[in-house]
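There are 4 protein chains.
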Amino acid sequence: MTDRLRIAINTGGGDAPGLNAVIYAVTMAAHRRGWEVYGIQSGYAGLLDTSKMAPLTPERVSGIVPYGGTILGTTNRGDPFHRPVPGVPGEFRDESGVIVENFRRLGFDVLVAVGGDGSLSIAHKLSQKGIPVVGVPKTIDNDLAGTLQTFGFDTAVSTATDALDKLGSTAASHERVMVVEVMGRYAGWIALNSGASGSADAILIPEVPFEIDKVCARIAENERHGKRWGIVVVAEGATPKGGAMVTRAPAADGRTEVILGGIAEQVAAEITRRTGKETRSLVLGHLQRGGSPTTFDRLLALRFGAAAIRLIAEGHRNVMVAFRPPEMVAVPIPDVISKTKKVPVDSDTILTCRDMGISFGD
Amino acid sequence: MTDRLRIAINTGGGDAPGLNAVIYAVTMAAHRRGWEVYGIQSGYAGLLDTSKMAPLTPERVSGIVPYGGTILGTTNRGDPFHRPVPGVPGEFRDESGVIVENFRRLGFDVLVAVGGDGSLSIAHKLSQKGIPVVGVPKTIDNDLAGTLQTFGFDTAVSTATDALDKLGSTAASHERVMVVEVMGRYAGWIALNSGASGSADAILIPEVPFEIDKVCARIAENERHGKRWGIVVVAEGATPKGGAMVTRAPAADGRTEVILGGIAEQVAAEITRRTGKETRSLVLGHLQRGGSPTTFDRLLALRFGAAAIRLIAEGHRNVMVAFRPPEMVAVPIPDVISKTKKVPVDSDTILTCRDMGISFGD
Amino acid sequence: MTDRLRIAINTGGGDAPGLNAVIYAVTMAAHRRGWEVYGIQSGYAGLLDTSKMAPLTPERVSGIVPYGGTILGTTNRGDPFHRPVPGVPGEFRDESGVIVENFRRLGFDVLVAVGGDGSLSIAHKLSQKGIPVVGVPKTIDNDLAGTLQTFGFDTAVSTATDALDKLGSTAASHERVMVVEVMGRYAGWIALNSGASGSADAILIPEVPFEIDKVCARIAENERHGKRWGIVVVAEGATPKGGAMVTRAPAADGRTEVILGGIAEQVAAEITRRTGKETRSLVLGHLQRGGSPTTFDRLLALRFGAAAIRLIAEGHRNVMVAFRPPEMVAVPIPDVISKTKKVPVDSDTILTCRDMGISFGD
Amino acid sequence: MTDRLRIAINTGGGDAPGLNAVIYAVTMAAHRRGWEVYGIQSGYAGLLDTSKMAPLTPERVSGIVPYGGTILGTTNRGDPFHRPVPGVPGEFRDESGVIVENFRRLGFDVLVAVGGDGSLSIAHKLSQKGIPVVGVPKTIDNDLAGTLQTFGFDTAVSTATDALDKLGSTAASHERVMVVEVMGRYAGWIALNSGASGSADAILIPEVPFEIDKVCARIAENERHGKRWGIVVVAEGATPKGGAMVTRAPAADGRTEVILGGIAEQVAAEITRRTGKETRSLVLGHLQRGGSPTTFDRLLALRFGAAAIRLIAEGHRNVMVAFRPPEMVAVPIPDVISKTKKVPVDSDTILTCRDMGISFGD
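Those protein sequences? They're chains Z, P, G and F, same order as listed.
Just so it is clear: in the first sequence, position 54 is 54 by my numbering, and no numbers are missing.
Just so it is clear: in the second sequence, position 274 is 274 by my numbering, and no numbers are missing.
Just so it is clear: in the third sequence, position 226 is 226 by my numbering, and no numbers are missing.
Just so it is clear: in the fourth sequence, position 327 is 327 by my numbering, and no numbers are missing.
If we strip away everything but chain Z, and leave its shape as in the complex, we get (with noise of 0.2 Å):
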């Protein structure tokens, strides 16, 4: 049924450690069944242009497991059914139609997305334009629905793990407090796990609203026993419960003033004002987007990406891969897209956090 297809594979989105990863084993499960792999560059953009797309071979994706990146060169975000149009500025055309067409003009049976909610809405909407579609998921904030986890997110919270350990000796050497701003706008999953393994004071999530007096609280608290430093993880799409915080400092000219940012600044200058505890911020940013990715990542990626091509060869079209440990499944695209997988309130990580005297805020 499956002899020798031909295999589109693009990524969409943003960077994740483990990208390289997936490319390797679609490549190298799809080779040793006689299969065609092409790479796709630029996200979707490159099924517009096609002169971005090149053989992917076994001697094409030898070595690269371990590298961070993504050979495919860049994670472009466009979506061909919204594509600017050039030179008339807020205009938008759906190009989609181009890519039905050059997607079979040359010859290409599946098209293996790699991405987020977005890219695998569009590939959603590909495949009911008649392009068969297996998604594979993507993000390292690991809210994507229908999977227990993605693959970069090990890596992610290891980053940011590490980032605490640091921050962790030098806020003891100097008695201060740190705010450390983690990825994670809908879902604080990277905050969660890197706090609990981090030993972090309190963690900030958005399943969790925070009452800044009860971090504060818990700083005091610190003092009391005499640990005169603490680290509090804050995920960027933490919010206050009232939303009573802070967003401005005077700024060091004196005359001016600083509109705080992000979260975690705004956080740190709240439990300044109103413990008078020497407070920094730091944002771990794209640091916890790149790099290797760990062994855990790079096994999830390899076989996130086999299971891509067994799928295909047992005739499933328009699924997602998803990780249900111990095994791989598929489930159909639409049921994923659109939904945020949130942390679980009463979920064992979050009771292991509070058993362990990590404030959440509440």
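Heads up, a few of these hints could be off.
Because identical chains share one entry, a pair is satisfied inside a single copy or across any pair of copies.
[Claimed, not checked] Using 30 Å as the maximum straight-line C-alpha spacing, the simulated DSSO-like pairs for lysine-lysine come out as follows: (1) Lys227 with Lys52; (2) Lys277 with Lys52; (3) Lys129 with Lys227; (4) Lys341 with Lys52; (5) Lys52 with Lys342; (6) Lys339 with Lys241; (7) Lys277 with Lys339.
Hints are computed from structural coordinates only; laboratory data are not their basis.
Note that the structure is predicted; figures quoted are calculated from it, not measured.
Chain Z is already provided as a structure; the job is to place chains P, G and F on it using the hints.
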């Protein structure tokens, strides 16, 4: 129901990265409930000699999470049901009664036994003599039944994968085959996961008896594709079909013979003999047991420890904490002891390896 | 001459990876000679309050070498010659007399002062009041005169390079420019070494005033060669020639302006403004101070510590231990304080960078 | 004088982390001057077979700096002055004339030879036949004369220290002695630096012949202080005074004997025999050669590479680049070959070790 319990905790068997995190979480979660925790040194022997226990407080365990080893000093293997009689070689006696007596006299309510199959079996026998026990599974081999994964395993796999990366770059430069022996006497989990992550050419595990000819064929295939080097990962318990392995090689003195001790040496000797290819072997040994736990293992170990206390608080006794992602659950200890969790030969990771062209020698 | 000395050791200024290794070596080397060592907490303040000192024994320091932070608890910056008078804001007094008295009363023979320029200046003033001092240089910025290198610097450079690796793979995937601010207020050692190791496109350091136009030209050159991303490393003390940098940007609310606090934010804003290229900035901050020392820094710190004791045994006083590879030598403290070791603009590493096409914006 | 040179670069001898960084810097620094660079594969053999060379451009070397191994594919050890005659075992011939001819015919101006003592000796002989040569020292053993340090050494020491950390936590938990064999046939640099950084109990190096009794005494002293474990680091070239080491042990079959191959196995057997202490050995082997270079080695290797081109541009020929911190200098190749840079027995690091109570078995 559970007010003011007095918990004893010991660790038995070999070292595993994450032991300190278990101890930390047990201590914190117990103290949060107003309970007391005592650390028992030297495994079960510490319950024979009451000088070998000390209270564990939040202050005492502060900062230990990232560190390898165990603050309980040793993970002695002594079996209290079968203690050597001093001065009478070959004679043993059952001293478990002393343990039961000490346990009661000191007012302990529950023993948290962190250990592998042997330690949990002893825990089970002690529970039959009236000591309430909750077990935490510990083996870097990941072969304990009932739990998807044990702490320390991810660290061991990472260490092994890191070694494969290093040996790979050297094997390539020197155009050699490297045979790397990793832990796994009864199950091939470490070999499988590290070999997959580290792009080995062949993985030999107890679950899949290998033919050395097929391993050599895989190496020869490399050469045909212009890859003049190779990596073979061997679990210490891997066994050849039939068993025609070389076990002796001429010594450097030309007169005597060297006995090839481990399976890696034997496989390397066979590859050299059959393919003429320069082949070296390396035994990773205890490198896999030590060091700081990975972030994954830190969190897993913390969750095991906190769950142990939570289960005790809920009234569970004579159970082992088991990881069934995303939850921690209680399983009766008799259900898990004297069993080995082997790698299913059709598991997703094995299929992934085969899809990537990795040989199992079968 | 040196039998049974009683040594006090303190650490001043900011955290630096390797502090514990210095303390370990000082303790071991002193005990080997039959001397005593006392650890003084909170920098010089610990000599005002005699409750803040504790004997350091081989048992106490066992195992501390790999760990970040300092077992002396804090690296407080207080200056005993200029102590705030409690209750009288803006008032200060000289309490150095108390230190001299305590030092004598407790029978100390030598103070080993581990610190940067500020701490060593205080040490020098104390030596003039009769306290025999031996200094160990400590600054992760590597800008202390008299010594080729200070401990902690290699770790800071490694952390910064690791960040550049991670940000590079993400910048490439996202086709962005990343501006990374590293420590170095007066000297560009960290920026230079990490930028060279991490293949930055431009490195901006205090020693070489930069023209933002030249930095932008370098980014534009990347584009012409098909490299659609870039990395700029900026030392916090880098300054533009002339000084026409943007310091404000429109805030997200559209009404007010954000004050761009750091040099990295300003450089990023200028690059965006002048090249139209999407540019982000990241401040590594205290990540560079913390964590386990690299092996290089461990050994260097151990050598500094042991050499301090050896110099004391040889009768040296009021000197700083200096690293002149492969030796450790004594230099008079007055020869090194109030000086800054800047990067020579024609140093071999700068020439190496220029040879690799890295711009200094000049 | 130096316009438009044509450079050939080869790498000889064993793998060393940093080779790619040397190649990168040579390529970039040459291209910046408008020169050409050709990479010669398979060491000197690549100059016999002109199919084994390829132009190195900035695009080709982009991104290779962090990676282990060498993009030149192999570090073959062939000596062109002494090539085996195919089909005539034991017969060799001088093929250096072919190299000289090829070198000239292809229009090369200078050969950059990256290698150890053997490769540099060949380079010297080629220079006497008219090939202008500039050498870059390469040995992870750090035993090359004329240069304070070679690239790859810091990485090897880090790998060994990391192993000691891991083995230490396990040795402590199991109350065992671990004997770890590291590289260093003629000089003990790796053993010395890793043993110092990793807090070994004893370090055995070629420069200090050891008495096994003294090593055992050190282990016994541990026990007296309540430390029931130990770590002994042995350079592969360490030799006992006198030479009364055990070289055979009873095999597991009870009938035959195992020949103890390496010095670590022998030392471990002696410690067991003399102290009754459970002792294990581990040979780190090629783990020390591979992997990503440390940041220190990256920068050092880049500096070596750029300096090689700079020296060529300045007219130097038949010199080796040498690291004399903070500078890179040129030393005549004959001044460094056939010499071994041994550890001075009164070097600062040896004194540091002695001060920390580390035994050299003397």
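message: With identical chains, the pair Lys277 and Lys339 could be close in the same copy or across copies; at 30 Å between alpha carbons, which is it: within, between, both, or neither?
response: Classified as neither; 40 Å inside a copy, 33 Å across copies.
First find the shortest C-alpha distance between Lys52 and Lys342 inside one copy, then the shortest across copies, and answer within, between, both or neither for a cut-off of 30 Å. Answer is neither; intra-copy 36 Å and inter-copy 45 Å both fail.
>> As a check of your reading, is Lys129 near Lys227 (CA-CA no more than 30 Å) within one copy, between copies, both or neither?
In response: neither (61 Å within a copy, 35 Å between copies)
Query raised in the report: When no copy is named, should Lys341 and Lys52 be tagged within, between, both, or neither for a Cα gap of at most 30 Å?
Result: For Lys341 and Lys52, neither the intra-copy (33 Å) nor the inter-copy (47 Å) Cα distance is at most 30 Å.
| message | Treating 30 Å as the Cα threshold, decide for Lys227 and Lys52: within, between, both or neither. | response | between (57 Å within a copy, 15 Å between copies)
query: From the Cα coordinates, with 30 Å as the cut-off, is the pair Lys277 and Lys52 best called within, between, both, or neither?
result: So Lys277 and Lys52 pass the 30 Å test across copies only (22 Å; inside, 54 Å).
Handout entry: Status of Lys241 relative to Lys339 across identical chains (alpha carbons, at most 30 Å)
Key = Intra 23 Å, inter 50 Å, cutoff 30 Å: intra-copy only.
Taken one by one, the earlier hints fail for this structure at numbers 3, 4, 5, 7, listed in ascending order.
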